[in-house]
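Taking the hints as your guide, dock the two standalone chains into a single complex.
Top line first, the protein sequences correspond to chains A and B. First residue of the first sequence? That's 1 in this note's numbering, and the numbers climb one at a time after it. First residue of the second sequence? That's 247 in this note's numbering, and the numbers climb one at a time after it.
Calculated from the structure, these hints are not laboratory results. Glycine included, C-beta positions come from ideal geometry on N, C-alpha and C. Be a bit skeptical, because a hint or two may be false.
As the list claims (entries may be wrong) - Derived contacts from chain B toward chain A, CB cut-off under 8 Å, selection only:
| no. | residue |
| --- | --- |
| 1 | G266 |
| 2 | Y370 |
| 3 | R375 |
| 4 | T377 |
| 5 | I383 |
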Amino acid sequence: MLEVRDLRKRFGHLTVLDGVSLRVEKGDVTAVIGPSGGGKTTLLRCVNFLEKADGGTLIFDGNSYDLRTVSKRDMAAVRMKTGFVFQNFNLFSNKTAIQNVTEGLIIARRMPKDQANAVAMRALDRVGLRDRADHYPSQLSGGQQQRVAIARAVATNPEIIYFDEPTSALDPELIGEVLAVMRDLAASGMTMLVVTHEMRFAREVSSRVIFMENGGIVEQGESRAFFAAPKEARTQAFLRTISAEN
Amino acid sequence: MTERVWHILLESFPKILLPGLRMTLPLTAVAFALAMVIAVAVALIQFARVKALVPLCRFYIWVIRGTPLLVQLFVVFYGFKAGMYMSPFWAAVLVFAVNEGAYCAETMRGALESVPAGQIEAGYCVGMRYTQIMRRIVLPQALRTAFPSLSNGLISMVKDTSLTANITVAEMFMATQRINARYYEPLALYLEVAVIYLLFSTLLTWLQRWGEKRLNALGGKEARHA
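Bound conformation, chain B alone (with noise of 0.2 Å):
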């Protein structure tokens, strides 16, 4: 590689790094807490059997899943736009969190389903109501089941952030996009912004592992092995 290469790669490193950090990070974790919040929802209201609700949340996963992401990008930034404004941050936060929602949603009902059903019996036989039951014993238990998909989830949130660009989010791609237009490096460019989400998702890998060992010690998981 030329001298050239070398110093537009130096050079572009912060300005592709700093949209990142600004962008890239805040916009995946507020959109993964969101589908976290709608994941245990739409997850607890099928496992509970609450007649009225459980067609809503069948039918919301069904058009969720069976959707592209980049068109429900589209949909919601330039569709909604007409009716209200919306940064196309939050367009993407909402669309990340109702997508991301929908697959975790599937997973954490996979998740409450292995919980033993004995596990529900001794609550009751110990005195307790249902909802202590589920927030005490079966979705802790859940959780730790469900933690590798979501993490999964999530790293792969990180990657797709990338789609925004397409709806004007000045996030990491854009930024090398921007870069690229300038200098013409495409097989450089797009390749230090790829060793960044590397970067990041090694980062993420490293803190599922963390996390799990911490679950583990939580839940004596790691005595069998003992």
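Next up, chain A with everything else stripped away, as it sits in the complex (with noise of 0.2 Å):
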């Protein structure tokens, strides 16, 4: 479904992301972890055309684009077929909840209001936040505007949504909400790329693991397995330390 093929992205003389390549498979839920400065926000934001990277393809769709190249016409394309979740949320704050859900609706997508309202009213409420529906993301928590934003992104019913550390810049006792919502997409059969520092997301959820250093894939695999028996010496230092943290 989602292929990328040597990757590569500098900014300046540090090199970033140093050729790297991955599949997606329709309904993987694939995590990206690794220390940070490895990459991982890097990689998700080249895919989606955020960051212009200095070389590499992506497949998407049975479509190949040039990332170097890729014109302004192929990124709205493939951006109408995905969904992103900011670290920050990136919420409008000019919107209420409902219409930032709607804006990629009713503007990007010429779906009719009312249409947009009900798909609108829908993903809301699979984030169980039906009744914030006309309140402004500076009158929710962390947790509820991050919610918000799962639902903007499942709304448009991309075929695949990447994720950038969601629950990073949340407080302790909010991730949970977040995480939660997270599990019932991913139960639901959505397709995910999650860059995440969640060990327990990673392992509990996802299905593919990705182990990202220095610009480069390390190591990855099927989850399990992954986390039961990491190959490389540098993935199991890395486990160690986290599960030493936790």
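As structure tokens, then:
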């Protein structure tokens, strides 16, 4: 469904992604883990064209795109079929919760207003925020904002949703509600690519795990096997540190 | 104060207020509306980095902000008069719109740049195009940020219209000067016109407060204090 080949990205002299390749199949929930600065977020941003890659190919939905030269039209076409959940939510602060969800439906997809409102209500219901539909982002907690952001991504019925450290900006007591929504989403068969520091989520919810460090993929594989018997010494060391901290 | 002075003040009040309503306020309203159009356009061109037009915008702002308003009025009214006829009123509208537009363009540019980049990225990610994101997400937020500064500009402009007496616009200040020429009571009469300007400014300040409240309600900013 989604394939990335030889993705390269530099910021000045710093190589952030050094030839990353990966595949995501339909229904996969792939967790991307690894130490900070390893290129996880940049990977996600390049795949959705928020960052311009220096090289690499994206194969999405049977079409191939050169990530360095992809046209605005192609970017828009791919983004119509993807959802993105940011670390800092990035809800439109001048729009209510439901308007945040309908914006992409009415404006970008030209869906009739009534229909968009119905779809948005269903999406908000799914994240447990039906009763907050008319609240502005500033009137919602971080956890609620992130759930609205997930509803916004889900409502467009995307083929894949990218999550960029969706719980990293949240107070500890608010992380659970967001993870619960993501767990539901995973159970419903949504394809997800999740950059996360939440090892429990990676272990319990994801079907596949990618371990990234220094701009490259160190190890990847089926989730259960990955955590039970990591092959690389570096992965073993990382998992040991993580479990020691928890 | 003598009875004579009170009499003069009372008699001149409508004679000063009327040009205020007929000239000062329409001049300000039309010029400020045009200034807003210029400001948003010039700010957007710079924000979106339209390469061919950015130097032009910077030049415009440089020239207008670097020269006195009174001189600009004289250049346009007396200087361009030879080429074509322009009524004093429309010459004033043109100068005030272009002048205020330059200042407000900088205010708007700053406000646009203060909108977090994440708002634009989120717009792209839900499938919106750049123009749609600007119109529906970024501009409304920037206008809210810029609103107090823009209101400042409006209030300044009401007072600055007194300069147009110099290019024969028959507004409040010119009316006062004329009355003073007859009675010679400068202190009382100029204080009187000052009070009327203050009245106008106060009304606009109330309008600003009301506007900010409305905008807060639309942006849910109030909730932070609730």
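Hint-by-hint comparison with the structure:
no. : hint : verdict
1   : G266 : violated, 36 Å
2   : Y370 : holds, 6 Å
3   : R375 : holds, 7 Å
4   : T377 : violated, 11 Å
5   : I383 : holds, 5 Å
Violation of the numbered hints given earlier is confined to hints 1 and 4; the remaining hints are satisfied by the structure.
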